[in-house]
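Q: Sequence:
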Amino acid sequence: MRWSNLFIPTLRDAPADAEAASHKLLVRGGFIRQLHAGHYSLLPLGLKVHDKVAAIVRDEMNSIGAQEFLLPAMHPAAIWRESGRWEVMGDEMFRLQDRKGSDLALGMTHEEVFTSLALEISSYKALPQIWYQIQTKFRDEPRPKSGLLRVREFAMKDSYSFDLTPEGLDRNFDLHHEAYVKIFDRLSLPAMPVEASSGAMGGSGSTEFMVPSDAGEDDVVRCPTGDYAANSERATSTLPAISDRTDQTELSRFPTPGVRTIAALEEIEGGAPSVHQIKTMVMVLDGEITLALVRGDHQLNIQKLIDATGAIDVRPATPEETIEHLGASPGSLGAVGVEGLRIVADDQLRSRSGLTTGANSDDWHYRGVSVDRDIAVDQWADLRDVNSGEACPSCGAPLEMVRCIESGHIFKLGSKYAEALGANVLDPDGKNVPLLMGSYGIGIGRAVAAIAETHHDDRGLIWPVAVAPYEVVVTIVNIKDEASMSTAEQIYADLRSRGIDVLLDDRKARAGVKFADAELIGIPHRITIGPKTLAEGDVEHTERADGVTNLVAVGSVAEQVSAAIAAAR
RNA sequence: CGGGACGUGGCGCAGCUCGGUAGCGCACCUGCUUUGGGAGCAGGGGGUCGUGGGUUCAAAUCCCGCCGUCCCGACCA
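Per our numbering, the first sequence starts with residue 1138, numbered consecutively.
Check the hints yourself; a few may be wrong.
What the hints assert, rightly or not - DSS-like cross-link-like pairs, simulated, lysine-lysine; straight-line CA separation at most 25 Å: (1) K1282 with K1185; (2) K1274 with K1553; (3) K1669 with K1617; (4) K1645 with K1669; (5) K1553 with K1568; (6) K1161 with K1185; (7) K1645 with K1617; (8) K1185 with K1319; (9) K1262 with K1553; (10) K1274 with K1161; (11) K1185 with K1274; (12) K1319 with K1274; (13) K1262 with K1568; (14) K1282 with K1161.
Claimed, not checked - Simulated restraints on C-beta separations: (15) Q1204 with K1319: 12 to 22 Å; (16) R1596 with A1215: 50 to 60 Å; (17) D1307 with R1170: 36 to 46 Å; (18) G1692 with R1596: 26 to 36 Å; (19) A1648 with V1225: 50 to 60 Å.
None of these hints come from the bench; they were simulated from the model.
Quick caveat, the model's predicted, so the values are computed rather than measured.
Every residue, glycine too, gets a C-beta built ideally from N, C-alpha and C.
Put together the whole structure using the sequences plus the hints.
A: Put into structure tokens, the structure is as follows:
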């Protein structure tokens, strides 16, 4: 393509409200433009990258035997009601009505619709099946941000596996895991698989593919030895055992005037170190007041509480609710002797004694609390945040915390959706059993942004060859020089005939502008044609990644550059 | 949803305090000069100042409402 005919609106200044590097550069380079919050137009350059990413994803899906579909973006409410997710998805689902007043939703994922098609699988003999699509999803995110990284409308590759047995599901899950490793490798994204929370998807297990980046929104806890990595919503660590205080075994109430915090309770005469305190958080789980207990020096992880209890809507109680149910304000709360409220406690409190906690009366606390004796715990669970430096649960090495972009997520769903929608098959014994499903997603636009986020310098983007909008740019320093023009045309034609995606910069512009633009939009190879070197029969070949320039004879440059590209694809 | 900030040609900004009918840089068009790292000079086109109302002889500017966008947090497959 000839640059002079293309719409590549590069900008010298980034939009003032762009923060993330990928956001600034994709806008400046003329790849994307915002229509409104969370909705971006892909310009020709942006679409080319998007298409190349999608093609790689498609290629790897096809190679594990997945079959491509294309499902509607707009769904009837009924199918979401059947799975129970019409309510579960809450405000995150875009909803509308048609002229007849029927409720509709814009699809945020496609378990329901794919499962409805799976109703036609009636025999185990047709299994396994892997179905996928690359299609637009709509999610009414509370806060779209960072350009393409978190949006409300985006193309996603979503695939679904159907199996008779858990072993079959495991196999399809593993196939996807391997395919994802290959995809991210081809995209030059350093994605690491980590244990994840399954959230609203449900199911028995899930793995996220996380790309380390400050622009990300998730924290991954990982062991530097490489034997453990998990989303902080799921991570655990090994903590040193605490010896309970033996000087306080009798439950007793004592005055703590003005004490409202863990720290203050540590300081006060007769108080206790935070590891010997119980922190009592009053939460509302689907409308039910619930006490969540963690050790005094620990932080409650709300996602863990959600996962442990299966609650959908979780929020802290208001001060009014707290006083109504416990009779005291935050700072003096505790679970000792509490009846009629659900109590969920962190595993680290199991069998602890000699503890100090609020007495549900302002300015009073208990000491000598024995969890087993004094607190009616309904459920035990891992509820606490892991901190960096704590010991790896596998090898004991100090854990580190890494900020990441969630670039893929694979789930073992089990029979949840098949049961809800009645997707059963006959097994070899002639018995009707629900299908076992897996669900697997990669956001295409987010992958584009993640690549931009991890492949740029102060001059602009540096696309890997596999996804670059063009593989080579032929830059003509001076279009008035006839020798330059004819040489450029010849090299351009030669590269095209070799199947290279090449951009001819034939614009009437100064060399500096062309160089700056080529670097901004991140074309991996540049062939510069100017009178200076042409006099010697040479052109320049520059690689965007390292900036190194070599002189190459006119007659061999096309062959040499296309060989380098073929090797990098 | 809580906190903060901002809406002025395509992009970046000034003007607002102290009302007088919109300006600068980049980009764009024309001409001349220039031509290997974002050229120079001259001329030119383009803006309901987010929106509705109010105050006023007069509103980008003051007052009120609404809408939108961004950032932090909460939330989020």
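Q: State for each hint whether it applies.
A: Hints versus structure:
Restraint check for K1282 and K1185: satisfied, since their Cα atoms lie roughly 23 Å apart, inside the 25 Å limit. With a CA separation close to 22 Å, the supplied pair K1274 and K1553 stays within the 25 Å bound. Note on K1669 and K1617: the hinted pairing holds, with a Cα-Cα distance of about 14 Å set against a maximum of 25 Å. Between the alpha carbons of K1645 and K1669 the distance comes to roughly 18 Å, so the proposed pair stays at or under 25 Å and holds.
A C-alpha spacing of about 18 Å is found between K1553 and K1568, which places the hinted pair at or below 25 Å, so the restraint holds. At most 25 Å may separate the alpha-carbon atoms for a hinted pair to count; K1161 and K1185 meet this at roughly 18 Å. Pair hint K1645 plus K1617 holds up; C-alpha atoms about 9 Å apart against a cutoff of 25 Å. The suggested pairing of K1185 with K1319 holds, with an alpha-carbon distance near 21 Å, which does not exceed 25 Å.
Of the pairs offered as hints, the one joining K1262 and K1553 holds, with about 21 Å between alpha carbons and a cut-off of 25 Å not exceeded. Pair hint K1274 plus K1161 holds up; C-alpha atoms about 24 Å apart against a cutoff of 25 Å. The straight-line distance between the Cα atoms of K1185 and K1274 is roughly 20 Å, inside the 25 Å bound, and the hint therefore holds. For the suggested pair K1319 and K1274, the alpha carbons sit about 24 Å apart, so the restraint of at most 25 Å is met.
Between K1262 and K1568 the CA atoms are separated by roughly 13 Å; this keeps the pair inside 25 Å, and the hint holds. Restraint check for K1282 and K1161: satisfied, since their Cα atoms lie roughly 12 Å apart, inside the 25 Å limit. Between Q1204 and K1319 the beta carbon distance is about 18 Å. The supplied range of 12 to 22 Å therefore holds. Take R1596 and A1215: their Cβ atoms lie about 53 Å apart, and the range 50 to 60 Å holds.
Hint check: D1307 to R1170, Cβ distance near 44 Å, so the stated range 36 to 46 Å holds. Restraint check, G1692 to R1596: a C-beta distance of roughly 30 Å satisfies the suggested window 26 to 36 Å. Between A1648 and V1225 the CB atoms are about 58 Å apart, so this pair conforms to the stated range of 50 to 60 Å.
Figure legend: structure checked against the earlier numbered hints; every hint is met.
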